[in-house]
Amino acid sequence: MVKDLKFGGRYVPETLYTPLVELEEAWESLYQDASFLEELDGLLRAYAGRPTPLYYAGRLSREVGCKVYLKREDLCHTGSHKINNTLGQCLLARRMGKPRVIAETGAGQHGVATATAAALLGLECVVYMGAEDVSRQALNVFRMELLGARVVSVESGSQTLKDAINEALRDWAANVDTTHYVIGSVVGPHPFPSMVRDFQSVIGREAREQLLEAQGRLPTHCVACVGGGSNALGLFYPMESDPVEFIGVEAQGAETLSLRGEPGVLHGFLAHFIQDPWGQIIPTDAIAAGLDYPGVGPQHSQYRETGRARYFWVSPQEALEGFATLAQLEGIIPALESAHAIGWLLAHRGDLDPSSLVLVSLSGRGDKDVNLVKGLLEEGDGRG
Amino acid sequence: MGGVREVLEGLKARGGKALIPYLVAGYPSLDESMELLLALQDRGAAAVEVGIPFSDPMADGPTIQKAHSLALEGGVTPEALLKALEFLKGDLTLSIILMTYYNPVFRMGEEVFAQRAREAGVAGVIIPDLPPEEGQNWVSVALEVNLDTVFLAAPNTPLERVETIASVTTGFLYYLALKGVTGSAIKDAQEVAQRVARIRDVVDIPVCVGFGISTALEAALLARGCDGVIVGSALLKALDEGGMKGFLGLFGELMGALEEGKGNKWGKTA
Ligand SMILES: Cc1ncc(COP(=O)(O)O)c(C=O)c1O
Numbered sequence: 001m002v003k004d005l006k007f008g009g010r011y012v013p014e015t016l017y018t019p020l021v022e023l024e025e026a027w028e029s030l031y032q033d034a035s036f037l038e039e040l041d042g043l044l045r046a047y048a049g050r051p052t053p054l055y056y057a058g059r060l061s062r063e064v065g066c067k068v069y070l071k072r073e074d075l076c077h078t079g080s081h082k083i084n085n086t087l088g089q090c091l092l093a094r095r096m097g098k099p100r101v102i103a104e105t106g107a108g109q110h111g112v113a114t115a116t117a118a119a120l121l122g123l124e125c126v127v128y129m130g131a132e133d134v135s136r137q138a139l140n141v142f143r144m145e146l147l148g149a150r151v152v153s154v155e156s157g158s159q160t161l162k163d164a165i166n167e168a169l170r171d172w173a174a175n176v177d178t179t180h181y182v183i184g185s186v187v188g189p190h191p192f193p194s195m196v197r198d199f200q201s202v203i204g205r206e207a208r209e210q211l212l213e214a215q216g217r218l219p220t221h222c223v224a225c226v227g228g229g230s231n232a233l234g235l236f237y238p239m240e241s242d243p244v245e246f247i248g249v250e251a252q253g254a255e256t257l258s259l260r261g262e263p264g265v266l267h268g269f270l271a272h273f274i275q276d277p278w279g280q281i282i283p284t285d286a287i288a289a290g291l292d293y294p295g296v297g298p299q300h301s302q303y304r305e306t307g308r309a310r311y312f313w314v315s316p317q318e319a320l321e322g323f324a325t326l327a328q329l330e331g332i333i334p335a336l337e338s339a340h341a342i343g344w345l346l347a348h349r350g351d352l353d354p355s356s357l358v359l360v361s362l363s364g365r366g367d368k369d370v371n372l373v374k375g376l377l378e379e380g381d382g383r384g
Numbered sequence: 001m002g003g004v005r006e007v008l009e010g011l012k013a014r015g016g017k018a019l020i021p022y023l024v025a026g027y028p029s030l031d032e033s034m035e036l037l038l039a040l041q042d043r044g045a046a047a048v049e050v051g052i053p054f055s056d057p058m059a060d061g062p063t064i065q066k067a068h069s070l071a072l073e074g075g076v077t078p079e080a081l082l083k084a085l086e087f088l089k090g091d092l093t094l095s096i097i098l099m100t101y102y103n104p105v106f107r108m109g110e111e112v113f114a115q116r117a118r119e120a121g122v123a124g125v126i127i128p129d130l131p132p133e134e135g136q137n138w139v140s141v142a143l144e145v146n147l148d149t150v151f152l153a154a155p156n157t158p159l160e161r162v163e164t165i166a167s168v169t170t171g172f173l174y175y176l177a178l179k180g181v182t183g184s185a186i187k188d189a190q191e192v193a194q195r196v197a198r199i200r201d202v203v204d205i206p207v208c209v210g211f212g213i214s215t216a217l218e219a220a221l222l223a224r225g226c227d228g229v230i231v232g233s234a235l236l237k238a239l240d241e242g243g244m245k246g247f248l249g250l251f252g253e254l255m256g257a258l259e260e261g262k263g264n265k266w267g268k269t270a
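These protein sequence lines are chains A and B, in that order.
Once you know that position 149 of the first sequence is 149 in the numbering used here, the rest is easy, because the numbers rise by one and skip nothing.
Once you know that position 135 of the second sequence is 135 in the numbering used here, the rest is easy, because the numbers rise by one and skip nothing.
Next comes chain B alone, as it looks inside the complex (with noise of 0.2 Å):
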């Protein structure tokens, strides 16, 4: 399984964009979250974020805590998952992301936890809570054992800091359209895609974009303007809604978003 990058490079390459879905480990139960990596596999993804469920999900909205801590009262530990993912590497060919806050690494070890992520297939890391300052020795962990790490900008940050931060970046650059939490509501799709734009003049990584994204519109909108796009709570809901079947049905409604916003419909692709 190739490193992020390499995956939204490649797509890049045939024109494509990236979808990239957010599940929670565990929710409903690891067995389901499986089958979801496999069912998402199937449609199409190229690459999907997992979340490692924690008791504290700072820069989480409601929908995401719920799912969180919903997954913990089931008992999802950081290692019930990777073995989970590790079983199934061999059917895996998608990138797997991890999502995690930064105790559980912490507590397991930077270096354990970076190793054992290897062995299981997984291709990257986020770790939202930690700011490339906190990161110095998780830069140096992660590129040890090739585990791409990717790190994460926000509206308020200064440009030369995302310069800064993209020096550090092996994977893609998460950019965030909105300050506040997962979940929240995008305001002015337009608005975040012009700033998306002043991003992508000072990087040369790959960029994607997440947080509020949760409608056809703003996936196929902002995908224009970059490498991928990042939703979690919107899918989420629809998992809450409709089960497996809502989840992979609103991942396809957007994948077809993306698909057509490579045509005309929703103007030139960048």
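Next comes chain A alone, as it looks inside the complex (with noise of 0.2 Å):
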């Protein structure tokens, strides 16, 4: 596992601090446990539907000008990505020895994706979500109750992800004892985004596997959404040391890395944040939830500074269009995340070399969405 990044490392209070070494000795050992990785693989197969289709989505490429494959991520348990995170620390929660698992949630697939986790596995659940955020996913909030989860509204601050996972810090800190927190993409403190990045990397690896299969050959580009970065850190891993090309998409917004993010400290971890000049961070404002976070995880920062990704930001209309073609080219209606990837491949039509071979990260169905959109396009200008 790659340590001592400059970015990352692990600015807590003290109370955490031990809890976190204690938490990557867990995971050092697990992840080398056959068992369970055992008991993972057979959960993400049984449970959650994988592995996930690699689907080759032919209109799509004509209407790009070079081959576009899409990982189905959307097609996981639960509608997205998230499940593949949340089952794999649900398990370490309970192989840990702990009751009771924490989360936040933006738009509320992550403290769905928890929700489902905990309760399969019979673990205790609080998730916490920004006030506005409840209000604005109102069926979200009940799903997650469903589930057995009690959803804490959290009115601090601006009220929306960035204080969810304030709150959930907090949660943490007091009862650290009993609880382990599922964080929801490769941010927080050593060891949250490498146990996160090594959970989600199964996109990654099977992608690589089906797209060899199919093509005989690795993609040119992989392409993916980045909200905290986790199904972006996920597809683009496993091809680190490969010759491909990583682009990850930025809403407008939350330009973290594509427009104006500095390196600074949220969250335990050190890299990019909007913020001013003091260091005050800056409430963000996408479209898309999952996009809505002020910062990036730090391997995602590292690589913007090697140059390994590149990162650009879509505006909601690029998003919207992302949105709408892949529902009527393919029959495939995209979470708002996922449209963001999808809107910066129609921003690039053409210039893409046709021999290209695209590799997207579809991270999630957008069945969630659609309220939203229908709101947006009959405002006619794209904006909320």
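Just so you know, these hints were derived from the structure itself, not from any lab.
These numbers were taken from a predicted model, which means no experiment stands behind them.
One or more of the hints may lead you astray.
Just some of the chain B residues that point at chain A, by a computed CB distance under 8 Å [said to hold, decoys possible]:
hint, residue
1, R107
2, A153
3, N156
Label-pair ranges, simulated between beta-carbon atoms [stated by the list, open to error]:
hint, chain 1, residue 1, chain 2, residue 2, range
4, B, G75, A, A138, 32 to 40 Å
5, A, D276, B, N146, 27 to 35 Å
6, A, V21, B, G3, 30 to 38 Å
Non-contacting residues of chain A with respect to chain B, defined by C-beta distances greater than 12 Å in every case (computed) [as the list claims (entries may be wrong)]:
hint, residue
7, L147
8, L320
9, I332
All residues carry an ideal CB built from backbone N, CA and C; glycine is no exception.
Build the complex from these two chains, which are given one at a time in their own frames, with help from the hints.
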């Protein structure tokens, strides 16, 4: 496992320091424990629906001007890649003897995935969600409650995802003896970014193999949307030493690596964050809740600094075009987050060499977004 | 103005204990924060903790969170605070300890921050989200300009680690009475006191206890076994409810309890 990056670290209150060391030890031993990996693999297959298909999007390919394959994480149980991570972490929590898990959530995807894994494994579950998101996403709140989780509305700060993470960290500090914090992306203090990356790497491992089988060659480009960066890193990481170009797509309003983030420290790690000159974090404004985070996982910061990956942002209009185009050309309604990756591709129609082989992470399905998109399209300008 | 450690040791030599109040710079306004500092000094405070407001105060409970966000709405910056402190430098003889999350320090640059703090007469800095492992550079930067470091130890910190933490601490060891955030309730002060006693066995720098101390009884009981107690949320609540008078009223009450604690009412001093 990669360690001692300049980015990352463990910038946490002392109460969390020792538990993080214990978590790292637990993870390092379980990661090599055949029975743990077998149990996880079994759940991913029988319960989450892995391996997910790799789908050749023929009509989209003709539109874009080169071959495009979609890695169908939208077909996972609960509708996104988030379940790969929550099954892994909840299993880990159970192995560590922690009967309670907590999570943060923005729109509710990660909250639902955590509540689902907790229900499956018989763990108590509390999900922190910004008060604004609670009112915007009432249906997902109900869904989590159906799954037996308790949803706590976070009234502090900007009342969105970053504040939900603060509140989850506060809960964790108080209850760390009994509780594991199931963080939702490749963010947070070490070992979370590495651990979540490892759980999500199943995306890239499968896709690499599937594409080699289908096309006899590696992709030329991997494209994925980036909130915290877990579906992107899960796709990229297994191809890190292959000659493949990595492209991360952010949302306008949360352009951490593509435009306005600066190195800083928040939520226990050093990476790029959107902040003012005094280091105060600035709330973001992305149309996709899952991309609405003012920072990015430390490994993406590292990729950007070394040039290993490039990052771009996509406007709401471009994302909506991705949303509608994928629905109409392929009969797939993508999550608004994933629609940003499609939107980037459409915006580069004709720019890519016809011999390119593009692999896109379709991180989730769009049922959750249909209402929102309907409103945005009726408004006509694509802005909420 | 002396270092934090000298102040605490001076107090100790006279048989006293420090009551270290916490306030948030710019809450309710920077002017009022400065008035509070002077008033606390008049009332015998030897040291004070001044919080730099931050957008994401993850170690703090609701009372202090609210103070941070209102202070930020009022436009307070680290620079504005340091200027105000510098302006009052001649009048302030109590030991000023800044409490700041790491990002404002990181953004300014550790060297610049330390230099500016020293120029403003600050004696020490507490950075609650900077454990020693991430603070190696900070420790040498602070040493360079003669600024005291204050690191924290928690109820779940193993004793060997407490020793490591103490070895890079030049001001005092900040012992957390509880796991969790500021403003939570201490369940059993007696049990906290026992833990503090074990900590004091392994370190030879001053130890102050904070997080969750809200009553005169808790303050006196805990002060008995250490060098000082830090009170934040309870004072800010008093400020919310009764303005500056409320804050100073509770401060006076707590000071009284520590004074009495020196005698027999709460038992023998350590
Ligand atoms: C479908 C989907 N894609 C992407 C994301 C963004 O997260 P990450 O960047 O960690 O993959 C989310 C987050 O909620 C999501 O629900």
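These are the hints, each one checked on the structure:
Taken as an interface hint, R107 (chain B) checks out: its beta carbon lies about 3 Å from the nearest beta carbon of chain A, inside 8 Å. Restraint check, A153 (chain B) versus chain A: the minimum CB separation of about 6 Å is within 8 Å; hint holds. The beta carbon of N156 (chain B) comes within 5 Å of a beta carbon in chain A, closer than 8 Å, and the hint placing it at the interface holds. Against the hinted window of 32 to 40 Å, the Cβ-Cβ separation of G75 (chain B) and A138 (chain A) comes to about 35 Å, which satisfies the hint.
For the pair D276 (chain A) and N146 (chain B), the supplied restraint of 27 to 35 Å holds, since their beta-carbon distance comes to about 30 Å. For V21 (chain A) and G3 (chain B), the hinted distance range of 30 to 38 Å is satisfied, since their beta carbons lie about 31 Å from each other. Taking the minimum C-beta to C-beta distance to chain B, about 27 Å, the non-interface status of L147 (chain A) holds against the 12 Å cut. A cut-off of 12 Å between C-beta atoms confirms that L320 (chain A) is not in contact with chain B; the least separation is 30 Å.
No beta-carbon of chain B is positioned within 12 Å of the beta-carbon of I332 (chain A); the least distance is around 37 Å.
Consistency with the previously given hints is maintained throughout, with no hint failing.
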